[in-house]
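Novice: Chain by chain, the residues run as shown.
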Amino acid sequence: MNAAPLLQIENLHAEIDGKAILRGVDLAIERGQVHAIMGPNGSGKSTLAYILAGKDGYDITSGRILFKGEDLADMDVETRARAGLFLGFQYPVAIEGIATISFLKEAVNARRAASGKDKLDAVEFLKQVRSLASQLSFDESMLKRYINLGFSGGEKKRAEILQMLLLEPVLAVLDETDSGLDVDALKTVATGIESLRSPERAMLLITHYQRLLQHVRPDRVHIMAKGSILRSGGPELAQKVEDGGYAEFQQAAQA
Amino acid sequence: MPPLAQQTVDTVERLRDERKKYDFFTDIESDKAPKGLNEDIIRFISAKKQEPEWLLEWRMRAYQRWLKMSEPDWARVAHPPIDYQDLYYYAAPKSNADRPKSLDEVDPELLRTYEKLGIPLAEQEILAGVAVDAVFDSVSVATTFKEKLREVGVIFSSFSEAVQEHPELVRRYLGSVVPYSDNFFATLNSAVFTDGSFVYIPEGVRCPMELSTYFRINEANTGQFERTLIIAEKDSYVSYLEGCTAPQRDENQLHAAVVELVALENAEIKYSTVQNWYPGDAEGKGGIYNFVTKRGDCRGDRSKISWTQVETGSAITWKYPSCILRGDDSVGEFYSIAIANNRQQIDSGTKMLHLGKNTSSRVISKGISAGRSSNCYRGLVSIHPKAESARNFTQCDSLLIGDATSAHTTPYIESKNPSALLEHEATTSRVSEEQLFYCRQRGIGEEEAVALIVNGFCREVLQKLPMEFAVEAQQLVGISLEGSIG
Numbered sequence: 223m224n225a226a227p228l229l230q231i232e233n234l235h236a237e238i239d240g241k242a243i244l245r246g247v248d249l250a251i252e253r254g255q256v257h258a259i260m261g262p263n264g265s266g267k268s269t270l271a272y273i274l275a276g277k278d279g280y281d282i283t284s285g286r287i288l289f290k291g292e293d294l295a296d297m298d299v300e301t302r303a304r305a306g307l308f309l310g311f312q313y314p315v316a317i318e319g320i321a322t323i324s325f326l327k328e329a330v331n332a333r334r335a336a337s338g339k340d341k342l343d344a345v346e347f348l349k350q351v352r353s354l355a356s357q358l359s360f361d362e363s364m365l366k367r368y369i370n371l372g373f374s375g376g377e378k379k380r381a382e383i384l385q386m387l388l389l390e391p392v393l394a395v396l397d398e399t400d401s402g403l404d405v406d407a408l409k410t411v412a413t414g415i416e417s418l419r420s421p422e423r424a425m426l427l428i429t430h431y432q433r434l435l436q437h438v439r440p441d442r443v444h445i446m447a448k449g450s451i452l453r454s455g456g457p458e459l460a461q462k463v464e465d466g467g468y469a470e471f472q473q474a475a476q477a
Numbered sequence: 227m228p229p230l231a232q233q234t235v236d237t238v239e240r241l242r243d244e245r246k247k248y249d250f251f252t253d254i255e256s257d258k259a260p261k262g263l264n265e266d267i268i269r270f271i272s273a274k275k276q277e278p279e280w281l282l283e284w285r286m287r288a289y290q291r292w293l294k295m296s297e298p299d300w301a302r303v304a305h306p307p308i309d310y311q312d313l314y315y316y317a318a319p320k321s322n323a324d325r326p327k328s329l330d331e332v333d334p335e336l337l338r339t340y341e342k343l344g345i346p347l348a349e350q351e352i353l354a355g356v357a358v359d360a361v362f363d364s365v366s367v368a369t370t371f372k373e374k375l376r377e378v379g380v381i382f383s384s385f386s387e388a389v390q391e392h393p394e395l396v397r398r399y400l401g402s403v404v405p406y407s408d409n410f411f412a413t414l415n416s417a418v419f420t421d422g423s424f425v426y427i428p429e430g431v432r433c434p435m436e437l438s439t440y441f442r443i444n445e446a447n448t449g450q451f452e453r454t455l456i457i458a459e460k461d462s463y464v465s466y467l468e469g470c471t472a473p474q475r476d477e478n479q480l481h482a483a484v485v486e487l488v489a490l491e492n493a494e495i496k497y498s499t500v501q502n503w504y505p506g507d508a509e510g511k512g513g514i515y516n517f518v519t520k521r522g523d524c525r526g527d528r529s530k531i532s533w534t535q536v537e538t539g540s541a542i543t544w545k546y547p548s549c550i551l552r553g554d555d556s557v558g559e560f561y562s563i564a565i566a567n568n569r570q571q572i573d574s575g576t577k578m579l580h581l582g583k584n585t586s587s588r589v590i591s592k593g594i595s596a597g598r599s600s601n602c603y604r605g606l607v608s609i610h611p612k613a614e615s616a617r618n619f620t621q622c623d624s625l626l627i628g629d630a631t632s633a634h635t636t637p638y639i640e641s642k643n644p645s646a647l648l649e650h651e652a653t654t655s656r657v658s659e660e661q662l663f664y665c666r667q668r669g670i671g672e673e674e675a676v677a678l679i680v681n682g683f684c685r686e687v688l689q690k691l692p693m694e695f696a697v698e699a700q701q702l703v704g705i706s707l708e709g710s711i712g
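These protein sequence lines map, in sequence, to chains A and B.
Sequential numbering of the first sequence, starting at 223, is according to the working numbering.
Sequential numbering of the second sequence, starting at 227, is according to the working numbering.
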């Protein structure tokens with residue numbers, strides 16, 4: 223039996239353009255768990271997400287990240303994705319001329335090709351996408367529009383969740399997926415996230431507020447500030463942030 | 227001079243000419259004319275093709291004109307000087323003995339590309355110039371097509387064949403859109419062209435299929451100086467595809483083709499090109515110089531000519547498919563994708579010449595530049611004094627990949643009629659790191675991601691291609707940009 227966690231981050235230090243952003247992050251996520259990282263702006267939450275996905279320009283200066291027991295440093299962006307690591311973007315980028323449905327198909331088929339499977343049958347694929355789209359109240363006409371182009375904030379986030387459900391990742395990292403959503407959209411997105419929850423998968427929700435966490439109950443909550451995790455605990459920690467803000471944790475860290 | 231003396235002089239002259247002719251004809255069995263360009267070579271080509279006297283004269287006039295011309299230097303391309311006396315102007319198709327015996331002898335790089343494009347083995351052999359004796363499916367398919375065309379009166383043949391079979395049509399229309407004196411390369415072509423395609427669509431006929439040069443790849447090598455003439459009579463329609471996505475083997479570095487289109491009243495010609503000649507290696511060695519003159523004449527009222535091009539090959543592309551909008555209410559269109567990678571140089575665009583009333587034109591150009599290439603859009607929109615209420619819309623978009631490439635847009639606009647309505651839009655953008663990262667995070671490989679983004683950028687033009695062509699063209703876009711990042 224493999225007892226190693228799905229994701230293990232050990233004493234991670236990282237910088238952008240020579241500027242230190244992460245200063246010793248330790249985090250372990252087991253399969254079946256949902257973790258949340260909360261923290262004020264500039265605490266390094268999004269940097270951590272990008273580092274997990276392997277974005278250029280984010281350099282690990284020390285420490286390491288093991289995903290399914292393998293060092294992520296040895297895997298490029300697409301290899302990580304094909305291994306089941308999904309990043310839900312805070313600001314998904316638009317690609318002109320590529321219909322959302324075509325983009326989804328490319329992504330699914332790239333994953334299948336990497337694992338030696340044939341391309342998905344077009345009819346079967348469309349059926350699956352339509353069913354997921356309706357589950358997310360993602361209007362079908364959106365599928366024909368160019369990916370993320372002219373999408374509202376809420377539409378972009380639904381499109382991210384739609385991709386996540388389609389790709390069925392092992393580890394989903396959702397970066398501020400709740401920002402810019404109205405109450406109804408938040409509920410829909412939360413339902414989508416919940417539907418993927420399973421003993422095989424894990425999730426890392428990165429958020430500024432705790433409102434998403436009222437709908438998706440995390441197993442563990444971590445408070446991050448200035449590039450490291452200040453405190454970890456259960457869901458009650460999120461409520462504490464909501465009541466008292468981050469100042470308390472930061473002061474405690476400095477003390 | 228007294229009449230008798232004059233007669234003697236004439237006779238001597240004639241005998242001398244005939245003698246010259248005779249000497250010359252002793253060589254006609256040879257498969258190759260010697261290097262260099264002179265009147266004898268032109269006579270040789272004309273004799274080989276058993277052309278009528280008027281055509282030889284036409285070639286000669288072109289040649290005399292060409293001698294007084296110099297190579298244009300206004301395009302944004304650079305190449306070592308071309309020694310026109312160091313080229314072969316006539317070579318019969320290679321005999322099987324000189325060809326590769328099988329695909330094993332063909333450049334593996336070329337085969338890899340064929341494979342990616344999904345080209346069947348038998349066709350790969352034809353494209354790669356493998357010596358084959360068997361009768362191919364494609365040949366019989368072509369024959370069936372020709373039968374079908376004959377039924378509706380459409381003529382689709384090689385240019386040489388048309389000169390023999392329909393000399394009156396060729397004589398009437400040849401040079402009527404691109405005169406032999408037009409420009410350095412067109413004039414050279416007029417003097418030495420070897421073959422090409424001829425299409426005639428009779429009045430009221432809608433051509434029942436897309437006509438493709440691809441049907442004719444099994445026929446004689448049309449060579450470097452290709453000549454195409456398409457005539458669409460009143461109320462007719464034709465869609466013509468030139469080239470194919472597969473890179474074809476060719477030893478000739480200089481290509482100077484001429485294409486002339488004539489659309490009479492209410493006729494429509496749709497001309498699509500996929501050009502994928504050898505672009506040279508990554509360092510810019512080798513590669514085809516492609517100096518092409520393409521022009522369509524909307525001669526009749528309400529006629530329409532539409533050019534669509536996907537230019538991905540050649541070391542140098544110099545090409546401006548144009549429309550003369552002569553008929554009232556005539557329409558000209560130009561849709562272009564031009565991809566330059568490594569050291570490729572492209573100077574391409576269109577000319578829309580508005581002569582008739584209510585004429586309209588539309589220009590959509592998508593230029594993609596990668597590697598250390600140079601890509602220039604050069605276009606002219608000209609509204610003549612009598613062109614009341616002419617309209618043009620031009621959109622030039624450039625996409626850059628990497629930071630060692632350059633893109634240029636040089637639009638010329640002339641309006642001599644105040645009622646003209648002209649719009650021009652231009653953008654320059656980059657394949658962004660953010661887009662690449664987004665695609666890759668979804669599991670799409672880096673090169674596939676570039677291909678995807680570029681295909682998106684070209685969407686509007688790709689949609690103008692005939693369906694089967696469009697799918698291949700999308701793959702070609704990806705293949706052309708291989709190695710452009712990383």
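Derived from the structure by calculation, the hints contain no laboratory data.
One or more hints might be untrue.
[What the hints assert, rightly or not] BS3-like, lysine-lysine: derived pairs with alpha carbons at most 30 Å apart:
id, chain 1, residue 1, chain 2, residue 2
1, B, Lys612, B, Lys642
2, B, Lys690, A, Lys366
3, A, Lys448, A, Lys339
4, A, Lys341, B, Lys690
5, A, Lys277, A, Lys448
6, B, Lys460, B, Lys374
7, B, Lys690, A, Lys327
8, B, Lys583, B, Lys690
9, B, Lys511, B, Lys261
10, B, Lys511, B, Lys583
11, A, Lys290, A, Lys366
12, A, Lys349, B, Lys690
[Stated by the list, open to error] Which stretches of chain A does chain B cover? Using the computed rule of at least three CB atoms under 8 Å from a CB of chain B, they are:
id, segment
13, 305 to 318
14, 331 to 341
[Claimed, not checked] Cβ-to-Cβ under 10 Å is the rule here; a few derived chain B residues that face chain A:
id, residue
15, Glu283
16, Trp284
17, Asn568
18, Arg569
19, Ser658
20, Glu659
21, Glu660
22, Cys665
23, Ile670
24, Asn681
25, Glu686
26, Lys690
Beta carbons are placed, not taken as given, at the ideal position from N, Cα and C, and that holds for glycine.
Novice: Give a verdict on every hint.
Specialist: How the hints compare with the structure:
1. B:Lys612 <-> B:Lys642: holds, 8 Å
2. B:Lys690 <-> A:Lys366: OK: B:Lys690 and A:Lys366 at ~18 Å, within 30 Å.
3. A:Lys448 <-> A:Lys339: The hint is violated at about 44 Å.
4. A:Lys341 <-> B:Lys690: holds, 27 Å
5. A:Lys277 <-> A:Lys448: holds, 20 Å
6. B:Lys460 <-> B:Lys374: Given that 30 Å is the threshold and the Cα spacing comes to 21 Å, the pair holds.
7. B:Lys690 <-> A:Lys327: holds, 23 Å
8. B:Lys583 <-> B:Lys690: With a Cα-Cα distance of about 26 Å, the restraint between B:Lys583 and B:Lys690 holds, given a limit of 30 Å.
9. B:Lys511 <-> B:Lys261: Answer holds: B:Lys511 to B:Lys261 is near 23 Å, not above 30 Å.
10. B:Lys511 <-> B:Lys583: Violated, at about 48 Å.
11. A:Lys290 <-> A:Lys366: Violated. A:Lys290 to A:Lys366 sits at ~36 Å, over the 30 Å cutoff.
12. A:Lys349 <-> B:Lys690: holds, 29 Å
13. 305 to 318: It holds: at least three residues are needed, and the segment 305 to 318 of chain A offers 7 whose Cβ sits within less than 8 Å of chain B.
14. 331 to 341: holds (count 3)
15. Glu283: This hint is violated: B:Glu283 lies away from chain A, its Cβ roughly 51 Å from the closest one there, beyond 10 Å.
16. Trp284: violated, 46 Å
17. Asn568: violated, 23 Å
18. Arg569: Interface hint status for B:Arg569: violated (26 Å vs cutoff 10 Å).
19. Ser658: holds, 7 Å
20. Glu659: holds, 6 Å
21. Glu660: holds, 5 Å
22. Cys665: For B:Cys665, the interface hint holds, since the closest Cβ of chain A sits about 8 Å away, which is under 10 Å.
23. Ile670: With a minimum Cβ separation of about 5 Å from chain A (threshold 10 Å), the hint on B:Ile670 holds.
24. Asn681: Cβ of B:Asn681 sits 7 Å from chain A, so the hint holds.
25. Glu686: Check passed: Cβ of B:Glu686 comes within 7 Å of chain A, closer than 10 Å.
26. Lys690: Constraint on B:Lys690 not satisfied, violated at 14 Å.
Hint violations for this structure: numbers 3, 10, 11, 15, 16, 17, 18 and 26, all remaining hints satisfied.
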